[in-house]
Amino acid sequence: MAQVAVSSGRTSATVLYRLRLMMFLQYFVQGAYLTIVAVYLRDALHFTGAQTGWFLAAIGVGPVVAPFVVGQLVDRHLATERVLAACHLLAGLLMLGLYVQERFWPVLLLGTAYSILYIPTMMLTNSLAFHHLADRDREFPLVRVWGTIGFILPSWFILFYFLKGLQGDELNRAQGVAFAVSGLGGIVMALYCLTLPRTPPDRARSGKFAPGVVLRLAARRDFLVLFVVTFFLAAAHNYYFVFNGPLVKAVLLRVQRADWVQTFMSIGQVAEIGVMAALGPSLVRLGYKRTMLIGATSYALRCAALAGAGHAGLPFGVAVALAAAGQALHGVCFGFFLAAAFIYVDRASPADVKGSMQTIFGTFIFGIGAVLGGVWGGAMSDRFVAGQGDAAVYDWNALWLSCGALAALFAGMLALGFPRAQISADDARP
49 MAQVAVSSGR TSATVLYRLR LMMFLQYFVQ GAYLTIVAVY LRDALHFTGA QTGWFLAAIG
109 VGPVVAPFVV GQLVDRHLAT ERVLAACHLL AGLLMLGLYV QERFWPVLLL GTAYSILYIP
169 TMMLTNSLAF HHLADRDREF PLVRVWGTIG FILPSWFILF YFLKGLQGDE LNRAQGVAFA
229 VSGLGGIVMA LYCLTLPRTP PDRARSGKFA PGVVLRLAAR RDFLVLFVVT FFLAAAHNYY
289 FVFNGPLVKA VLLRVQRADW VQTFMSIGQV AEIGVMAALG PSLVRLGYKR TMLIGATSYA
349 LRCAALAGAG HAGLPFGVAV ALAAAGQALH GVCFGFFLAA AFIYVDRASP ADVKGSMQTI
409 FGTFIFGIGA VLGGVWGGAM SDRFVAGQGD AAVYDWNALW LSCGALAALF AGMLALGFPR
469 AQISADDARP
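When we follow this note's numbering, the leftmost residue of the sequence shown carries the number 49, and every step to the right adds one.
Calculated directly from the structure, the hints in this document are not laboratory data.
Please read these numbers as outputs of a predicted model, since none were measured by experiment.
Some clues are possibly wrong.
[Unchecked claim] List of simulated lysine to any residue pairs, SDA-like, C-alpha gap at most 25 Å: (1) 212 / 144; (2) 337 / 212; (3) 337 / 326; (4) 337 / 325; (5) 337 / 437.
Please model the entire structure based on the sequences and the hints provided.
Okay, here's the thing in structure tokens:
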């Protein structure tokens with residue numbers, strides 16, 4: 049079994065480099081398609097708003113069942129890196145299948161199958177990194193930031209290699225190459241996973257069924273509040289992907305630069321790099337509650353900025369500035385709320401159920417909450433969007449301010465309900 053080399057409370061440089069590349073490839077796969085998928089489905093494949101929402105909801109269906117399969121496998125039976133390799137290989141092949149499909153039902157079914165395999169790997173890479181880091185509070189943000197860099201890179205690669213200078217229908221159709229780039233990236237990630245530090249299950253602690261322990265942990269005040277708040281903010285998180293691409297495209301169409309949509313949206317991930325660098329010091333100085341509250345509040349502020357960017361009467365420069373602010377705040381949402389919450393869950397979970405705890409908690413972010421966000425976005429689209437493609441008319445106030453109100457409500461719940469005192473893993477065991 050590979051051991052973590054620690055010197056004065058630090059993880060060895062070699063292990064850090066390997067974990068950074070793991071995070072880079074993990075999120076390269078997602079960054080290739082996620083920011084552009086709503087625009088592609090609506091404008092190239094001519095899906096309705098509801099159909100687009102259902103596809104984004106399908107991305108969250110898989111993790112609903114994953115905690116009782118994937119989490120149990122890595123906690124009890126198989127090495128984490130082997131599970132990661134198998135999931136990424138099969139998910140990459142499914143993504144290549146999405147690249148050649150244009151009809152709704154095959155796209156929806158492939159997307160659902162893909163989510164079953166890919167989304168749990170996001171929690172498993174976190175769990176593997178936590179296992180091999182000596183100081184997770186300080187080191188994990190600096191490892192995870194390479195996932196953000198990986199998320200950014202494919203949007204620039206796709207723009208300058210495949211989309212540069214294209215407009216109209218030719219641009220809309222060409223954006224489907226994002227699925228192919230993602231699929232090939234997933235296959236590369238599968239091969240790399242076989243080289244990761246060995247992370248075997250802890251069979252010495254196999255007496256309890258891990259999901260059952262985790263469900264009892266959820267009755268604690270800190271976990272209960274965090275799970276409820278995360279569920280609804282996760283819905284807002286996925287809702288964002290239903291409308292952010294169309295909003296950015298509507299703004300950029302004013303100067304005929306719709307080919308820059310995916311790259312413009314990477315502002316959020318560029319901001320996330322700075323946020324992740326600041327996350328470790330923030331957790332130390334402000335604590336988990338205040339740090340997560342900054343992230344939760346940013347969800348509401350982001351929606352307000354994007355609602356403003358959609359006003360047709362604003363000068364182009366003001367609209368672009370507000371849209372850019374909305375992208376940047378997305379980075380704050382992810383880093384200071386979602387990433388901080390994952391670190392808290394790992395720190396407060398007993399050692400023998402960390403994999404299941406991360407997977408079940410991830411279900412609330414990328415699973416059930418994502419399904420709600422996609423379905424909600426599709427329903428709102430059919431009510432507040434008229435027309436198709438570049439000629440569609442959106443009621444941006446209704447679309448964004450409703451989401452902002454939800455985010456503000458649950459940021460308030462976090463402020464009032466989450467305890468300020470931190471707990472240890474030993475305290476967490478029921």
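Given the hinted pair residue 337 and residue 212, is their alpha-carbon gap at most 25 Å? It is violated: about 44 Å lies between the C-alpha atoms, which goes past 25 Å.
Are residue 212 and residue 144 close enough, with their CA atoms no more than 25 Å apart? Given that 25 Å is the threshold and the Cα spacing comes to 22 Å, the pair holds.
Can the restraint linking residue 337 and residue 325 be considered satisfied, given a maximum Cα separation of 25 Å? holds (18 Å)
Does the alpha-carbon distance linking residue 337 and residue 437 stay inside the 25 Å limit? violated (42 Å)
Verify the proposed pairing of residue 337 with residue 326, using a straight-line Cα cut of 25 Å. holds (15 Å)
The structure does not agree with the numbered hints 2, 5 stated previously, though it agrees with the rest.
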